[in-house]
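Asks: Here is how the chains run, residue by residue.
Protein chains: 2
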Amino acid sequence: MSADEFDTIRTLFAPLATSAGARGLLDDVAVLEASGKLVVTTDAIVEGVHFLADDPIDTVAKKALRVNLSDLVAKGARPIGALLTLVWPDRRASRELADFARGLREDMELFSIPLLGGDTTSTPGPLTVSITAFGVPLGERVPSRADAKAGEQVWVTGFIGQALLGLRALQEAPDVIGANARDRVGAEEIVDWYRMPRPPIGFAPVIARYASASTDISDGLAADAANIAGASGVGIRIHGEAIPLSSAGHAYVSKFGARGLAELVTGGDDYQALFTAAPEHRGAIIAAARAADVNVALIGDVVEGGGVEISVVDGAPLDLNAFGHRHKLGR
Amino acid sequence: MSADEFDTIRTLFAPLATSAGARGLLDDVAVLEASGKLVVTTDAIVEGVHFLADDPIDTVAKKALRVNLSDLVAKGARPIGALLTLVWPDRRASRELADFARGLREDMELFSIPLLGGDTTSTPGPLTVSITAFGVPLGERVPSRADAKAGEQVWVTGFIGQALLGLRALQEAPDVIGANARDRVGAEEIVDWYRMPRPPIGFAPVIARYASASTDISDGLAADAANIAGASGVGIRIHGEAIPLSSAGHAYVSKFGARGLAELVTGGDDYQALFTAAPEHRGAIIAAARAADVNVALIGDVVEGGGVEISVVDGAPLDLNAFGHRHKLGR
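Protein chains in written order, with the numbering used here: chain A, 1 to 331; chain B, 1001 to 1331.
No lab work stands behind these hints: they were computed from the structure. You can take every hint at face value.
Derived EDC-like pairs: lysine to aspartate or glutamate, alpha-carbon spacing no greater than 16 Å straight-line:
no.	chain 1	residue 1	chain 2	residue 2
1	A	K149	A	E304
2	B	K1149	B	E1304
3	B	K1037	A	E33
4	A	K37	B	E1033
5	A	K149	A	D301
6	B	K1149	B	D1301
Pulled out of the complex, with its shape left as it was, chain A reads as follows:
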């Protein structure tokens, strides 16, 4: 990347650097003013692994940001800023940079997050976008994966398996996701579920207030439930019929049965929140979710023991090992 292109990048991204600590993107560092706890997360996305080479570049920028925002939401934290590391392929047209910056700007304005700084470099390889996001906890504690206790209930936001359905719609015959669902929501919207995760930003205060253990779902509901179970030294029992599915998801399970459900819960890239809470918070969580206009579902229980089991009415529990926990594009 030439010096001129670096200057172009600075010009494109400077409008996103709305906080004083960003120093107008003209310095080597950002300076955060902090008092108390600061939640920090970093997630990278790679072309050919987490997104497709021909995904619109503005959606790539948004995905890179949102996969980090989902971590903050799941910790009950309010985003306060982000660093962008942009590893740009030599062979990718630099005019796409403007669209990348536009996409990032739209999301940063939507979620009120300033750009604090970052790094830009060229690569002979695939486009890689790494974002580090900062948040301030809204509660006294920051729920970890290790805080689940037997007797608690297990909750999840949004709809599970949407990203997998979107990816299937992109990669395979569109009718794999069910003609009914396609008629209802349109193929474009289904694809968007893959390209642009929708972390439940408005739900962070609810998690801060009521969650014991919490994580975002990046590797699939089953794998991330297993992360909580393992870190907390408990078992998690999920009722398959309680897992929230969109109409497209229901159509997929109707078509493929238990195997279809197992794919949806191991597909990954949901970027929803998975958390546990004491049973007495049940009513408050439902009321708060309604007020925040976030879909939330009670899907199971924390039990003594270990592991994750997803039961299905009138059938054997799902065989999760048959699908692996990470069968996304490249890994």
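Please arrange chain B on chain A, whose structure you already have, making use of the hints.
Replies: Same frame as chain A, but now just chain B:
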């Protein structure tokens, strides 16, 4: 990368996560306890751009960390932690992961920096390592590039052009860097200058106390001086003969003359500190550098106007444009 390999990585890196906020690398986020200013920087290095595919993998880990530490030093900040984003090629042997972790561990222990967390993903492309580092300012203010004032003096730490000499020794006939120098320091050590930058960690308190403007040198002395000049709205005049060179650097200039010096000041990857300070601090800076065992040189002056000029005794100023500011491997 398989789930097993992710577990391997966690096992390898967990010993580096010595602070409570890292949550044993078992959570989605890190939690920093902060009060007041926090200095944040992020720099990525890419195989084939910032390092060579056959560089020893432990030196790649160290370089990734050190290019970030140089930013903290140049801001007068003490490192308190780092996040690692490791984008690992599908085709690179996973047994190299252990050597990468060992290299990172050696440096994190050497510089007393805990690993706070990070992200790991596979890539079909080149190895890419992105680190975000956190520091606490040792002084009242965090010197930026924009704080230089006419009348101040310009200082630089270490020796300039060492990385370029190391890269030349790796890529070209070794005698390009001068037979005398090779005899004196050994080819291995010269190559190390390229592979492992040596930011002047012990010098951070001196910069915190005396520097007005400050930056690390990543794009070359000339380009980074131009960054300060541009951001501060001043000119910088550097005396070529005052630029600190190692014996190998002197040999290179003896062989190639002004052209050789121009290459050394535009070669980049020095990761030393370049700063300005009021003339009355001159004696204190020299004394503090001696106490910290850091090489520091007074190389020029901040003047009214703009731009960077490097004068040479008995000759025209260096023609910096002839070499460009970023002629490293891939950009």
